Amino acid sequence: MSVLECRGVTKRFGGHTVLNHLDLTVAEHEVVVLIGASGSGKSTLLRCVNLLEGIDDGTIHLDGEHITDPRVNPDRVRQRIGIVFQAYNLFPHMTVLDNITLAPRRVHRRDRAEAEAKALDLLGRVGLADRARSYPDRLSGGQQQRVAIVRALINEPRLMLLDEVTSALDPELVGEVLTMIRDLKATGMTMVLATHEMGFARQVADRVCFLEGGAVLESGPPEQVLGDPVQPRTRQFLRRIIEAGRL
Amino acid sequence: MITEDRPVSAAQRERIAYRRRQTVRSVLIAAASTGVLGILLVVGVTGSPGWERVRASFLDGAVARDAFPAVLNGLWLNLRLLVFCAVAALALGLLVAVLRTLRGPVFFPVRALATGYTYGFRGMPLIIVIYVLAFGVPGLRLQGTPSVLVLGGAALVITYGAYLAEVFRAGIESVHPSQLAAARSLGLTYRQTMRHVVLPQAVRRVAPPLLNDTVALQKDVGLVSLAGPIDAVRAAQITTAEHANFTPYIVAGVLFVLLAIPLIAVTDWVTLRAARRQTG
Chain A
1 MSVLECRGVT KRFGGHTVLN HLDLTVAEHE VVVLIGASGS GKSTLLRCVN LLEGIDDGTI
61 HLDGEHITDP RVNPDRVRQR IGIVFQAYNL FPHMTVLDNI TLAPRRVHRR DRAEAEAKAL
121 DLLGRVGLAD RARSYPDRLS GGQQQRVAIV RALINEPRLM LLDEVTSALD PELVGEVLTM
181 IRDLKATGMT MVLATHEMGF ARQVADRVCF LEGGAVLESG PPEQVLGDPV QPRTRQFLRR
241 IIEAGRL
Chain B
1001 MITEDRPVSA AQRERIAYRR RQTVRSVLIA AASTGVLGIL LVVGVTGSPG WERVRASFLD
1061 GAVARDAFPA VLNGLWLNLR LLVFCAVAAL ALGLLVAVLR TLRGPVFFPV RALATGYTYG
1121 FRGMPLIIVI YVLAFGVPGL RLQGTPSVLV LGGAALVITY GAYLAEVFRA GIESVHPSQL
1181 AAARSLGLTY RQTMRHVVLP QAVRRVAPPL LNDTVALQKD VGLVSLAGPI DAVRAAQITT
1241 AEHANFTPYI VAGVLFVLLA IPLIAVTDWV TLRAARRQTG
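First to last, the protein sequences are chains A and B. Numbering of the first sequence is given in the working numbering, commencing with residue 1 and proceeding in unit increments. Numbering of the second sequence is given in the working numbering, commencing with residue 1001 and proceeding in unit increments.
If you're looking for bench data, these hints aren't it; they were derived computationally from the structure. Bear in mind the structure is a predicted one, so any value in this text is a computation, not a measurement. Using N, Cα and C, we set each Cβ at its ideal position, and we do this for glycine too. Fair warning: there could be bad hints in the mix.
[Said to hold, decoys possible] Every beta carbon over 10 Å from chain A, so not counted as near; a handful from chain B, in silico:
#: 1; residue: Ser1033
#: 2; residue: Ala1182
#: 3; residue: Leu1186
#: 4; residue: Gln1192
[As the list claims (entries may be wrong)] Derived coverage of chain B by chain A (criterion: at least 3 residues anywhere in the stretch with Cβ under 8 Å from a Cβ of chain A; other residues may be distant):
#: 5; region: 1175 to 1181
#: 6; region: 1197 to 1203
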């Protein structure tokens, strides 16, 4: 059974249609990379899946459960999905450790010692154990983003959504975050990520989806979509990316 | 950072010497201008034709000594009232601010009530609220009507709660929506998000204006004397009448300022710290 299934998902902001009858299915352990121009709906799709935005038509299923049913408690759905944002969105008034253990303690009702032990273990694996007592503003962008990923991971989500997680980083800090995502893939985590890093998309993706006009225009293995796209619009997009020196 | 033990260059030595000369010059100018202004003020006031009479009726040492115990005793009431009213008004303000953020049709009456309250009591003069509560409520002749002091305190709490609610609300709205998104995405409920993510950041941000309103409250606490209780201002009024001399008011004024100084100092310190945090 698929972990995520979006059918005919439509989202409008005012009169502007951002997602237009979009279909997307993500299997267990699959890593799907969303590419497309700014405004093609990548971020909006991720926010809709996490129920941070309501949708105007269609359905979204998580593990077979219809989560866009208005009777579903969104808090319970979000507990099973991790999302990482472009701007990290760490809580500035909390230490790294408190940022990470907030949800385990308050949502999942773990006791502090247990939550902190697990957080320190995860931080250790990404080389940040010594920053546990620091506040986010003392960390580099790459460190903050890795903390944000740990904060989402500690809840053992069924699905991870990564929204352009390297776009706000200095080029020399991108690598440490991408390495972490690659390691995450190796653990079998099901992921949907939006990115402009085509080289990384090629390495990590099981499938690449090119979004255009709020729908998936082309979808397939990375070699095919990025190397030999069928759609002229995809080709044009990739040519621009190459010209900008990002492939 | 790379540091080298190289001798300071001639240009830098010249800069340091120049800055030192400038500092000495600034201090001298400041001292001179302060001195001149002070002398002008003293000469202007004491040289005025009515100075002797004013000094006799406002700065009489014997009257001051006589009034001091009563005024100080009254000030103790002000202080207790201030602490109680400040805590209660802060709690009320926070509650009202949070109520105003609630969404959903169920909360419409609560929201409307909270909004009406902040509109009404920011517009209503404090003196009128004190009169209405302190004289109107006992007039109802209900069983267990609290004392005039409590009613006066309640008037202060209600009026200041409205101001503080708006300060808290400004703080809540200043927290970026991405913080809410992050908290909700972790599965936190609205209530948990407010409690652990929004309010801690909001309160930190508005701590300086909150404290500033507390300083203002400290002065207005004296207004409960209009309803009868003997606070510092009232005690000064009584001794003024006894001696036909205004010195007790000066005594009360000086004591109020002395009481305010620590609170103002704390406010300045918190504001400075907040400004430093902003600039990182």
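task = Output the numbers, in ascending order, of every earlier hint that fails for this structure.
result = 2, 3, 4
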